[in-house]
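Enquirer: Assemble the whole structure, with the sequences as input and the hints as a guide.
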Amino acid sequence: MSTSLPSNVYLDPALRRTPSLLNKRVVSVIVVGTPTSNGDFYHFRLSLVTEAGDAIRLDPTIHLKSKTDPLITILVIEYKHYMASHTPGTEPFHIPATASYMATEICGLLVHVHKVNQYNFDEKGRGCRHWCAVVLDKLAQSRIVQSDVSTLYRQWEVSQHLKLGSKVPMPRICGTFYT
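In my numbering, the protein residues as written are 1 to 179.
Read the hints as simulated data drawn from the structure, not as lab findings. Be aware that a few hints might be false.
Mimicking BS3-like on lysine-lysine, the simulated pairs with C-alpha atoms at most 30 Å apart in a straight line are [stated by the list, open to error]:
1. K138 to K115
2. K80 to K163
3. K80 to K124
4. K24 to K80
5. K124 to K167
6. K115 to K167
7. K115 to K24
8. K163 to K138
9. K138 to K167
10. K167 to K80
11. K138 to K124
12. K124 to K163
13. K24 to K138
14. K80 to K115
15. K80 to K138
Expert: As structure tokens, then:
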């Protein structure tokens, strides 16, 4: 991944200190929702799971320091020693990679080509699950995951809604991508 990142992409300190952590082969992708601080909803993040069993987590987060648009995303890219969150939450959505890519290549593709960091949450700061759905679609378009990932993801969303109710609202709440 290019060392020059857009201003709304934050690389965590572990990845800045040890960029080689991104040079691992991705074997699957996981989406997990964890409870928000007030417990009303779940916040969803996407992780690139590597062959070493660790992960690069992509976390679309509200950019609290933005003076121009308080609902704009800052994309936090973090290294995790584990595949999915330890916080009790949704069942993970898990899809195997169908092609051989390094995490750095996938992150670069998502940020520099597909511009997934250019996202605004809705007026209440929601839309992270939709962001994950769009990222999965971009990965399918790039043949990194299977082409029917959207159908599988929707089925998973419905199952999580049935299990967790209004904390995983259906239909999916959407933010908007911008250019």
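Enquirer: Now, for every hint given, state plainly whether the structure supports it.
Expert: Here is what the structure says about each hint:
no.	hint	result
1	K138 to K115	holds, 10 Å
2	K80 to K163	holds, 27 Å
3	K80 to K124	holds, 28 Å
4	K24 to K80	holds, 13 Å
5	K124 to K167	holds, 14 Å
6	K115 to K167	holds, 28 Å
7	K115 to K24	holds, 22 Å
8	K163 to K138	holds, 27 Å
9	K138 to K167	holds, 26 Å
10	K167 to K80	holds, 25 Å
11	K138 to K124	holds, 25 Å
12	K124 to K163	holds, 23 Å
13	K24 to K138	holds, 20 Å
14	K80 to K115	holds, 23 Å
15	K80 to K138	holds, 23 Å
Every hint, counting from the list given before, is met by this structure.
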